[in-house]
Amino acid sequence: MESLYPSIEPLLFTVERPARYVGGEGGSRTPVHGEGLTAWLLAYPDTYEIGLPNQGLQILYEILNDRDDSVAERTYAPWVDMEAAMRERGIPLFSVENHLPAAAFDVIAFNLSAELTYTNVLNMLDLGRVPLHAAERGADDLVVLAGGHCTYNPEPLADFLDAVVLGDGEEVVSELTVAIGAWRALDESERTRLELHRRLAGIEGVYVPSLYRPSFEGPRQIGLEAIDAAAPEIVEKRTIADLGAFDYPRTPLVPLTEVVHDRLNVEVFRGCTRGCRFCQAGMITRPVRERPAAQVVEMVKRGLEHSGYDEVALTSLSTADFSGIESVVSEVIAEAAGGQRVSVSLPSLRVDAFTVATAASIQQVKRTGLTFAPEGGTWRMRKVINKLISDDDLFAAAEAAFSQGWRRVKLYFLIGLPTETDEDVLGIARLGAECVAIGRKYHQGASVTASVGGFVPKAQTPFQWHAQDSLEELTRKVELLRGAARETRGLSIKWHEPAATAAEGIVSRGDRRLGAVLERVWRAGGTFQEWSERFDLSKFRDALEAEGLEEAWFTTRMRSVDEVLPWDHLSAGLHKDFLIGEYEDALSEVGLEDCRWTPCYDCGACTTFGLEHQVASNRPPAGGSQGTGQGLELGVRVPVGLGSKGS
Amino acid sequence: MPTLPARVRVRYSKTGRIRWTSQRDVARAFERALRRGRFPVAYSEGFSPHPLLAFSLALPTGAESMAEYTDLRFAASSEVEGSWRVAQEGEAPELALFAEFLGELMPEGIEVQAAAALSGSEGSLQEEVTSCDWIVEVTGMATAQVQERVDALLAAAEVPIQRERKGRMVTDDLRPGVLSLELVGPGVSPGALRLHTELATKPRGVRPAELLRGIDSNLTLARVRRQSQWIARDGLRLEPLTADGELLGQATVTQGDR
Numbered sequence: 332m333e334s335l336y337p338s339i340e341p342l343l344f345t346v347e348r349p350a351r352y353v354g355g356e357g358g359s360r361t362p363v364h365g366e367g368l369t370a371w372l373l374a375y376p377d378t379y380e381i382g383l384p385n386q387g388l389q390i391l392y393e394i395l396n397d398r399d400d401s402v403a404e405r406t407y408a409p410w411v412d413m414e415a416a417m418r419e420r421g422i423p424l425f426s427v428e429n430h431l432p433a434a435a436f437d438v439i440a441f442n443l444s445a446e447l448t449y450t451n452v453l454n455m456l457d458l459g460r461v462p463l464h465a466a467e468r469g470a471d472d473l474v475v476l477a478g479g480h481c482t483y484n485p486e487p488l489a490d491f492l493d494a495v496v497l498g499d500g501e502e503v504v505s506e507l508t509v510a511i512g513a514w515r516a517l518d519e520s521e522r523t524r525l526e527l528h529r530r531l532a533g534i535e536g537v538y539v540p541s542l543y544r545p546s547f548e549g550p551r552q553i554g555l556e557a558i559d560a561a562a563p564e565i566v567e568k569r570t571i572a573d574l575g576a577f578d579y580p581r582t583p584l585v586p587l588t589e590v591v592h593d594r595l596n597v598e599v600f601r602g603c604t605r606g607c608r609f610c611q612a613g614m615i616t617r618p619v620r621e622r623p624a625a626q627v628v629e630m631v632k633r634g635l636e637h638s639g640y641d642e643v644a645l646t647s648l649s650t651a652d653f654s655g656i657e658s659v660v661s662e663v664i665a666e667a668a669g670g671q672r673v674s675v676s677l678p679s680l681r682v683d684a685f686t687v688a689t690a691a692s693i694q695q696v697k698r699t700g701l702t703f704a705p706e707g708g709t710w711r712m713r714k715v716i717n718k719l720i721s722d723d724d725l726f727a728a729a730e731a732a733f734s735q736g737w738r739r740v741k742l743y744f745l746i747g748l749p750t751e752t753d754e755d756v757l758g759i760a761r762l763g764a765e766c767v768a769i770g771r772k773y774h775q776g777a778s779v780t781a782s783v784g785g786f787v788p789k790a791q792t793p794f795q796w797h798a799q800d801s802l803e804e805l806t807r808k809v810e811l812l813r814g815a816a817r818e819t820r821g822l823s824i825k826w827h828e829p830a831a832t833a834a835e836g837i838v839s840r841g842d843r844r845l846g847a848v849l850e851r852v853w854r855a856g857g858t859f860q861e862w863s864e865r866f867d868l869s870k871f872r873d874a875l876e877a878e879g880l881e882e883a884w885f886t887t888r889m890r891s892v893d894e895v896l897p898w899d900h901l902s903a904g905l906h907k908d909f910l911i912g913e914y915e916d917a918l919s920e921v922g923l924e925d926c927r928w929t930p931c932y933d934c935g936a937c938t939t940f941g942l943e944h945q946v947a948s949n950r951p952p953a954g955g956s957q958g959t960g961q962g963l964e965l966g967v968r969v970p971v972g973l974g975s976k977g978s
Numbered sequence: 047m048p049t050l051p052a053r054v055r056v057r058y059s060k061t062g063r064i065r066w067t068s069q070r071d072v073a074r075a076f077e078r079a080l081r082r083g084r085f086p087v088a089y090s091e092g093f094s095p096h097p098l099l100a101f102s103l104a105l106p107t108g109a110e111s112m113a114e115y116t117d118l119r120f121a122a123s124s125e126v127e128g129s130w131r132v133a134q135e136g137e138a139p140e141l142a143l144f145a146e147f148l149g150e151l152m153p154e155g156i157e158v159q160a161a162a163a164l165s166g167s168e169g170s171l172q173e174e175v176t177s178c179d180w181i182v183e184v185t186g187m188a189t190a191q192v193q194e195r196v197d198a199l200l201a202a203a204e205v206p207i208q209r210e211r212k213g214r215m216v217t218d219d220l221r222p223g224v225l226s227l228e229l230v231g232p233g234v235s236p237g238a239l240r241l242h243t244e245l246a247t248k249p250r251g252v253r254p255a256e257l258l259r260g261i262d263s264n265l266t267l268a269r270v271r272r273q274s275q276w277i278a279r280d281g282l283r284l285e286p287l288t289a290d291g292e293l294l295g296q297a298t299v300t301q302g303d304r
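Chains as they are written, first to last, in my numbering: chain A, 332 to 978; chain B, 47 to 304.
This is chain B alone, in the form it adopts within the complex (with noise of 0.2 Å):
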């Protein structure tokens, strides 16, 4: 019977039709895939047991992802008959096999890169996830026009923007939260032009579709990709998890259509 760690940090990425899926629908996606593997998930206390997962920040719908990741936990005590138990003290858990295991069960366009054990002394996805790496593909506007905009933006002191919290508007100045930004030239959507830039998630996190907003009101999402998610450690910006399954390390391979 193949063992596994009783917390573990999964990577994935998303990309295809299932973008347009929301996170709870993937976030649910999981749990039915847990179920048909009959993992021994561990699930909460109380009144509504639910299985415990902890995703990074939620990606918003219809943007693919090259990084995406959720933390699991297993229990020792479960009762469910799989063919996975929790590796004891001593035991080395299967690690590839349990993501390629889990990667068949996912739907089409979810694929498992990587999964490595956790301590429990790591701090959650959300507390550390620092910034995250976009690519941006809009239309609507010409390349000089949309380099203009880019400029002035990264001028800005300010770059104040409406949005919704908690159901009324507020005022709040993107400019903090864009940590870079480029235009690097046409994408691969037709007609659009490519944006590549890095978002801040704290304190309060920018959005790709409220940069655009801050960049220019006439300009329309084509195609979204988050790139990486960065945690900030020591003057470097390690990833949670590498796609070589290195547990905070240096990004060694740059994934994708860069």
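So here's chain A without its partners, still in its complex pose (with noise of 0.2 Å):
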């Protein structure tokens, strides 16, 4: 097929940041498509800035452009101006290598990373000319793929999807690659939409929403069943037993414009045993899986001369706990730039002193700001969401940063978790308050701001069946911490929106029957949901009524943990009765260790897979296996309660 730039040229003059339209990044590949190669569009249904720095996405696409049966590009949603004209002209969904229409693929895959982002994924579609439905499709559509994190609940996108793939992507998007290549090459009689479907069902970690069927009683999903052969009854996620097999991505992608997180990535390690209960990330990604020290600094090296980038990221969940981390660092900063001045960050800092000495050891000269994450801001609500860090700790962490030369800390904090009082959401202000007196003791002008988000609980982890906060509880904790703030000079609150944090909740935990309402909140315009301008809670309220659905029923409503789930079908490994031990452990404000250098406690993330944590030292950080900074030894137990599992 034939490039359609020059019909796109024109717009545009017409569009804001027409830069996101073109390609030419540095790393890009401009494949040559043709006859027994599998084309894959790799989407990300947000806009370019946010979708090109996405690793998922860069991984695979050197992975297909490698293999010898396979070419891939890609392409992101374009914003709602250059949408417009594109409709006005009839021009479809393009790539923004070779500018192919979506017509020209064979797969259209989509990394799901927000669930906010779902209406964009029917609108590329719906560009792509692509019928919505995966019933609607025939022999000749594109092949609707979803991978990422929020597949771990993917019924709300479930009537749009010819398949999902759960976990590490590495390994199966070969395996995809040579089924869909061979179903294409069958007889037309026998390449039916539902062989496909078949087929892809029999890969390990895809699942194919067609085969299976849920079954409700009034508001109330009381089963699921598998109604084809070839569907298995669970679907297990995909884990990459090793990290260092694949250091990926090799040739980064370096964008022609701004992008966010625009520098060199390198990911340390997947996976986090710390065990936060509210987060799913950790929960999903398990074991913990350590890039080889060598290779992570041979990455930042060659991807530091492929780049020019002046600024590299070593990313993971928990950077500050990869072994030996300074060591690293140090020898990043020596080795890999060569004289030339980097600097590297480490994105979700640990709260101790410890990681601010590492922070000050590779800030050497800016040093702005400085961010931790205490999540709950009483020692109690920590407790319950396992984030075992006390007050200390924070105050040790801001002391040893403002001592050193920051001026502004940064704390995130979570609002609306279980169990949480009026005493724990003003604890934030009263932990804020704190540190900004510590900073003062140093710089006149130390402020401290604290970012509230609202919390919702997520698919596959321990608070998969508690309720969430109202909209109108959100916005009145919200309303109690900045006044209880107002009163501290230097310290300001910032909070996400609790709308959006209503409208989020709804679709998590959503079933099968979403789909219905989020194609009714994409037909009334709901584009872009995640960006606070096109942010619109009625379309989501108003298709929830027209499709005789309850919010409450999806988002405040408590459920017992006997009650069937929409996703009780997938599963990341992990065991029913760790979740559930793990949920009446937090009601109980009873904390669990970090299994990374403690006995394992058979989360099931390991031993359903037959696999092992990868970690270079067995020695956990200074101040224990929850990193408290409270001087524990190896071995000793963290001063909470703990569980029965743990001994």
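Some hints here could point you the wrong way.
Claimed, not checked - Listing some non-contacts, in silico: residues in chain B with all C-beta distances to chain A over 12 Å:
1) THR67
2) ALA79
3) ALA100
4) GLY108
5) GLU135
6) GLU154
7) ILE156
8) GLU157
9) GLU168
10) PRO206
11) ARG209
12) GLY251
13) THR266
14) ALA278
15) ARG279
16) GLY295
To be verified - Now the stretches of chain A that chain B is said to cover, found in silico as 3 or more residues with beta-carbon under 8 Å:
17) 347-355
18) 637-644
19) 667-675
20) 735-744
Honestly, the hints are just simulated from the structure, not real lab data. Here the structure is a predicted model, which means the values were calculated and not measured. Backbone N, C-alpha and C define an ideal beta-carbon position, used for all residues, glycine too.
Can you join these two chains into the complex? Each is in its own frame, and there are hints to help.
As structure tokens, then:
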């Protein structure tokens, strides 16, 4: 097919940020399509700036383009101005490399990282002229796939997806290529959609929604059965055992225009076993798999040479926990940059003074702001969520930061957590005020920002049964907190819009009936719902009402642990007993150690798949397995009650 | 180890898809290329050091150019372990090699045309450049009408247009900034007409899109290309650096599709 670029270019004078649509990034490929090659269109359902840095898509992009039976290009959600121009001129969704229409591809694969982007998935299918519902697609239509963290409850998008991939994509993407290629080569009589779905369902880690049927009784889902012999009863996620075997991306994309996280990103480990009970990422990505330190240094070195970036982020869910992080950081600075200035950032710092020392060693010059995530305002709250940081840990971290030259400290908190009281909410202001007081000892202008998000219980976590706070309650708590914070000069509160939290909650634990709701929101113009200027809760509420569904059923309702959950047939390896036990321990304020450095309590993530943690050092970080800074030695318990599973 | 002058003026073109990036994006592309090449770039002092690059007047996003410039600084004291160093007195820097190598490191669509040593006494590009030649292609009106509007603009004593300055709308007279304007015939873009114009950059510059509004608000921009930037000196129009590598020289070739 021919490039659409000549018809796209005249639109570019009329739209914001036209560089979003032209491609040309360092490291990008312009593959030649051809007979026998399965062509993938990798799609991120948000703007170019948000989607380009996505590491999952960049990894798959290289793997697919390096195979000799596949090619891959990328696409992002066109912003509303561009979408309007495209629809007016009849221009379909296109790839940014060769500017080919979606119809030139065999597969469109979405990364799902946030629930509020789901309506963009529908919009992109529509713009790509792909029949919206999987059931309407024929033998010649694109295969619509999805992967990413949100796929652990994909039911709201089940009607629109041919297949969903659970877990790590590095290996399964090749199996999908082979299976789709073989299906495409079938005689016309055999090349049916059902045949495709059966073949995909046979791949480990792949869920094909059309082969399962949920049943409802009133508002309640009472079951979900496999309706085809090809469909396994439970779909288990894919896990790569050795991150060191996949040193991707090797030539990371270097965009021509500014994007978020515009720097070299090198993933140092995958998985996290700190066991924060609210954290879906920490639950679904287990076990911990560290990249060998030498490979990290090599990837940084190669990446800096390839990109010319002056900043590298060592990414993971808790980078300070990487074995020997200090030596890796100093090696990166010394070796990789060849005398050039390079700044290293460690997203997700642990809250303790030790971590600040590491940060100080790398940020020699620019000490503007440092961020910590205590998540809960009181020790009681943090025991509930298993984020075992004491007030003193935080104060020591703040003391270390301000005394070493930082002037701003940012603290991340959640509100609306299970069992939360007003005292817990006010604890956020109290912690903030104490940190400001510590800062003022060192600088007149020291300031603290507390950034507050509303908690949304997620699938496959210990809180999956718990009620979400109502919009009214969350709003009240935000106001309560703002009122308390006003008393402290130097403390500011930033908060996430509670209405957006409400909408995210509807979708996060929704069942298959949410498909019709999302379709209504999209048809009502509800795209880019994660953008505050576009977000509109009333579109979700109107759509729920039109479908005869109650918002509270999905959000503020307490579920019992024996009820059928819409995602019960999907597994991240975690035993349900483990999740229930963690939920019970949370409600009784009992913590759990990090199993990287303590005996296995069999959550299921390792034992289900015959895996083990891959950790270069079996020594816990200074401060014990939870890094609490309380002087714990290896093998000594953290000073909170522990559940029976730990011993 | 090849050598560089401490101060270098680079001339480059920006054509093709990369023209949809902003001036800031191009600056960042230069910074990345200079790091990739391990050139001994000089940095500013202070809290947040940045590489010392100075560009001429920003090219609007979407415009192509045959004549863009940036002045670079290199440090003899640089600790960068590179294959280049700053030339000492009496050493001849290898400018052609530098231009070629830098060009290879830049993204597609940016061609490094020439590089020349600066003594340090030259004025900055932003101060020195007084006007630019542009090719502007427009659609939306017939030839005769456009000719009429062009003639009317040239004949007018004042051409007031509204434009935003520092967040508020002000009325400016466009006319003094339009040094020449000519309808030359059909353009390269389908159905477009081509205008050649010289627009002043001082005291208050005129951008091609503003010129269009001054001619007729029914016109739509189809294509813009900066052909030259000029420094007025002793009654002559000089280029900051010619494509042949001569500092403050007269244009010897007319580049591109004039």
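Of the numbered hints stated previously, which ones are contradicted by the structure, given in increasing order?
-> Per hint list: 1, 2, 4, 6, 7, 13 and 20 violated.
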